[in-house]
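> Below are the chains, spelled out letter by letter.
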Amino acid sequence: MRALARPAQYLALACYLLFLGFPLLWLISASVKSSGELNSLTVSLVPEQWHWQNYPEALERQGLIRSAGNSLVVALASTALVILIALPASYVLARLKGKVRAAGIGWILVSQVFPVVLIILPLFLILRTLGLTDSLPGLTLVHTTYTLPFALWMLQGYVAAIPVELEEAGAMDGASRLRVLRAIVFPLLAPGVVATAMFSFVASWNEFFFALVLLQSPENYTLPITLNMFIGGEGKVALGPLAAGAVLAAIPSIVFFTLLRRRLTGGLMAGAVKG
Amino acid sequence: MATPLVRARRREAVALVLPSLIPILVLSVAPLVVGVALAFTDARLVRNPDYGFTGLGNFGALVGNELFWDSLRIGLIWTVGVTVLQLAASMGLALLLNSGLRLQGLTRVLALVPWAMPPVVVAIMWQMIYSANGGPLNAVLGSVGLPGDTNWLGDFATALPAVIIVGVWVGMPQTTVTLLAGLQQIPAELHEAAAVDGASAWRRFTAVTWPSLRPIVTSITSLNFIWNFNSFSLVYVLTAGGPGGKTMVPVLFVYLEAFKNREIGQAAAMGVVLVVLIVLILAVYLRAQFRDDRAERGR
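In order, the protein sequences belong to chains A and B.
For the first sequence, position 182 matches number 182 in the UniProt record's numbering, and the numbering has no gaps at all.
For the second sequence, position 92 matches number 92 in the UniProt record's numbering, and the numbering has no gaps at all.
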């Protein structure tokens, strides 16, 4: 029975690998094919000739570097804000007891499923009143707010993992609260902060909907918006450079997520399994 | 009760939480409230200072809006389709990964990639896969003698299924990882006992695995349902609702109503209807699950 089952299992696993991995392989392959080969009728995964020019060509395209710069600025700024704001709050949330903590955690989970359609309209009007539509600071604020709940959730988990007894021991020795935080809590929290920061960065770097609604001038576009414009806008699309641009846009997220794999899935699982 | 020390601590706590509370209140709680209020007005995106209260007018207009009904129907097919297929495919993968095969590490990394990628990149990638000219999907179908010239995303009949497959691809990692965590919590003895009793693999799944996973399946299904219902970027970049509105999911419809037709009030009313709908569906689903659980325990 088992001997018979194994080959079938490997066959199934191979199908999954193909389904999950092939699209990515195809994108990478398209990014190193010449336009002649991309438009020909013969279809193969390995390019006849490796055409590396798509990458410099993608970078030379109007706006790609500038929008990558915009994405970088927004992602870094919102990450810094998220950490700065979430760190103190997550400390309180983790050290609270009973109903307040439950309510806080409950709200964080509910906010993960907030109906964005309903929020985006007044949000747009509010930001317009403040003169913050079509501006990178406005987008940064929005990204910060929408990453905050999950960042709080992650960080409070890391704080909760630090034994209170350590802090109490520090206090007994006569250290002030600030000193306890600086000498005991922050060093132990550093890996969690790094993981949360990476998550915030990726969330902002990938984000499309808010950027689409809020940004109007091409000089403010983030990378996802510019890539989307390349599909629709420029008449006949140059597939090779488009694929190259897409690969470049995906690299930071994939690198960070691979590094974060264990932490992220751990945190999410804790939420889902207990929820 | 409130000694000076406790009061000081409470003030400290408030000061630490405030920086989080303010942006959340201003940029997500307030908009939610305003959003509901807008549904009862004739606000437009162009600045019209004299817009006003219109009662249930926007909702009345929705009843006769066939395109909105169409988008609700499409949205339900999309959401249920993606959620169910996600669960089925992820369950298969999680069971495989839990059964001690080789290549687990590779599969796990690969399974997480779709999750990390920007939705726009995912959409670009799948447009290439589905392409009618020189797309690999058509090439493979053609090589085994099937019609190899389908315009997957451009054909009325295939567009929605094609988009659903991409949705499944994107959502699988998280579901798989969660189910895998659940599987690993099931004591091996349960399976061994069932195997000793001569239970088949299928019987062991239905009698041991599935009941143990029930709470996780319920929560992941609810979450996936909401996420899929609310997902915008993927469909927007893949098809923008086309061809001929065949993939016009409700979220996209609301977006167009607000930012192309500039009818903010009308769009807000649609948003309210969507939220009510999703809450109702979830309530019915969770109630049914709850009842089943109780029936199970009663036995």
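Because the hints were derived from the structure by calculation, they are not lab data.
Note that the Cβ used here is the ideal one computed from N, Cα and C, for glycine as well.
Please note that a few of the clues may not be correct.
Straight-line C-alpha distance at most 25 Å; calculated DMTMM-like pairs for lysine to aspartate or glutamate [to be verified]: (1) B/260 x A/167; (2) B/260 x A/134; (3) A/99 x B/12; (4) A/99 x A/48; (5) A/97 x B/12; (6) B/246 x B/263; (7) B/260 x B/12; (8) B/246 x B/149; (9) A/97 x A/48; (10) B/246 x B/12.
What follows is a list of derived Cβ distance ranges for each label pair [stated by the list, open to error]: (11) A/59 x B/293: 51 to 57 Å; (12) B/293 x A/98: 22 to 28 Å; (13) A/97 x B/101: 27 to 33 Å; (14) A/60 x B/10: 32 to 38 Å.
If the Cβ cut is set under 10 Å, some of the chain A residues that face chain B in the computed set are [what the hints assert, rightly or not]: (15) 27; (16) 87; (17) 149; (18) 157; (19) 194.
> Each hint: holds or not?
Here is how each hint holds up against the structure:
About 56 Å separates the Cα atoms of residue 260 of chain B and residue 167 of chain A, which puts this hinted pair outside 25 Å; it is violated. A threshold of 25 Å between alpha carbons decides the hint, and for residue 260 of chain B with residue 134 of chain A the separation of about 16 Å falls inside it, so the pair holds. Taking the CA atoms of residue 99 of chain A and residue 12 of chain B, the gap is near 19 Å; set against the 25 Å cutoff, the hint holds. Taking the CA atoms of residue 99 of chain A and residue 48 of chain A, the gap is near 64 Å; set against the 25 Å cutoff, the hint is violated.
Distance check on the hinted pair: residue 97 of chain A and residue 12 of chain B sit about 16 Å apart at the alpha-carbon level, within 25 Å; holds. Taking the CA atoms of residue 246 of chain B and residue 263 of chain B, the gap is about 22 Å. The hint holds against a cut of 25 Å. Using a Cα cut-off of 25 Å, the hinted pair residue 260 of chain B and residue 12 of chain B is violated, with the two alpha carbons roughly 47 Å apart. A threshold of 25 Å between alpha carbons decides the hint, and for residue 246 of chain B with residue 149 of chain B the separation of about 20 Å falls inside it, so the pair holds.
For the given pair, residue 97 of chain A sits about 64 Å from residue 48 of chain A by alpha-carbon distance, which is inconsistent with the 25 Å threshold. Between residue 246 of chain B and residue 12 of chain B the CA atoms are separated by roughly 55 Å; this puts the pair beyond 25 Å, and the hint is violated. Remark: the range hint 51 to 57 Å for residue 59 of chain A to residue 293 of chain B is upheld by a beta-carbon distance near 56 Å. In this structure the supplied range 22 to 28 Å holds for residue 293 of chain B paired with residue 98 of chain A, their Cβ-Cβ distance being about 27 Å.
At about 44 Å, the CB distance of residue 97 of chain A to residue 101 of chain B disagrees with the hint of 27 to 33 Å. For the pair residue 60 of chain A and residue 10 of chain B, the beta carbons lie near 58 Å from each other, so the given range of 32 to 38 Å is not met. Against a cut-off of 10 Å between C-beta atoms, the interface hint on residue 27 of chain A holds, since the closest Cβ of chain B lies about 4 Å away. The restraint placing residue 87 of chain A at the interface with chain B holds, with a minimum CB-CB distance near 9 Å, inside the 10 Å limit.
A cut of 10 Å between beta carbons decides the hint on residue 149 of chain A: the least distance to chain B is about 8 Å, and the hint holds. The beta carbon of residue 157 of chain A comes no nearer than 15 Å to any beta carbon in chain B, farther than 10 Å, and the hint placing it at the interface is violated. At a threshold of 10 Å, the smallest CB-CB gap from residue 194 of chain A to chain B is about 17 Å, leaving the interface hint violated.
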